[in-house]
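Enquirer: Below are the chains, spelled out letter by letter.
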Amino acid sequence: SQQGEEDPQALSIQEGENATMNCSYKTSINNLQWYRQNSGRGLVHLILIRSNEREKHSGRLRVTLDTSKKSSSLLITASRAADTASYFCATDQGGSEKLVFGKGMKLTVNP
Amino acid sequence: DAGITQSPRHKVTETGTPVTLRCHQTENHRYMYWYRQDPGHGLRLIHYSYGVKDTDKGEVSDGYSVSRSKTEDFLLTLESATSSQTSVYFCATRQGINYGYTFGSGTRLTVV
Chain A
1 SQQGEEDPQA LSIQEGENAT MNCSYKTSIN NLQWYRQNSG RGLVHLILIR
51 SNEREKHSGR LRVTLDTSKK SSSLLITASR AADTASYFCA TDQGGSEKLV
101 FGKGMKLTVN P
Chain B
1 DAGITQSPRH KVTETGTPVT LRCHQTENHR YMYWYRQDPG HGLRLIHYSY
51 GVKDTDKGEV SDGYSVSRSK TEDFLLTLES ATSSQTSVYF CATRQGINYG
101 YTFGSGTRLT VV
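Quick mapping for you: the protein sequence lines, in order, are chains A and B. Going by the numbering used here, 40 is the number at position 40 of the first sequence; the sequence numbering is gapless. Going by the numbering used here, 86 is the number at position 86 of the second sequence; the sequence numbering is gapless.
Quick caveat, the hints were computed from the structure, so don't treat them as lab data. Since we're looking at a predicted model, the values are computed, not measured. Glycine is no exception: its CB is placed at the ideal position from the N, C-alpha and C atoms. Some hints could be false.
Stated by the list, open to error - To give a feel for the contact side, a few chain B residues facing chain A, derived at Cβ under 8 Å:
hint	residue
1	Y31
2	H41
3	Y48
4	Y50
5	F90
6	I97
7	N98
8	G100
9	Y101
10	F103
11	G104
12	S105
Produce the complete structure using the sequences and hints provided.
Expert: Dropping the structure here:
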């Protein structure tokens, strides 16, 4: 079963705008991760946020985590055409050795 | 992706034939995983390994087996390929459970 569910499933924005993607999950977690996948490629790890963290930054990426609501958001600021990709959240279901991925969200950034 | 090689990159095979996909890593990561990616389903875990000769099933393991005889290599075998196993297969590795995955470039398998 899918642990994380991304929302919206697709988002189209203009270059320079911010993009926000949300992820909801069902069980307790030790950490939550976000990945990007360009068309025809493997997934690339973007950021990991631990359950005791509320916010984390990496370059133009900002991730928040609300464990009380079992949700996370990924914000990409000042988007670029190169950010066009699918984005996935993944959770470890309370420290499991394996990650469970959501179905992904497609972001299109128009030049 | 640096350090992880999947082979072959593309394969077409006939129903009923056995197929083996290979994942090779130079990262010395303890954990290795096989996922399949299908439209509408995202990534689903087939099998994973937490050490040499230590493997466990994922959510879609039926019809698949794996072997890990050394740290670097994790093999996925489709015992008798079916059309429902047409998919893109990704290998991933990681150093430990508090790390992110590093993914290979994928193998596109078509069963006709």
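Enquirer: So which of the earlier hints does this model not fit?
Expert: none
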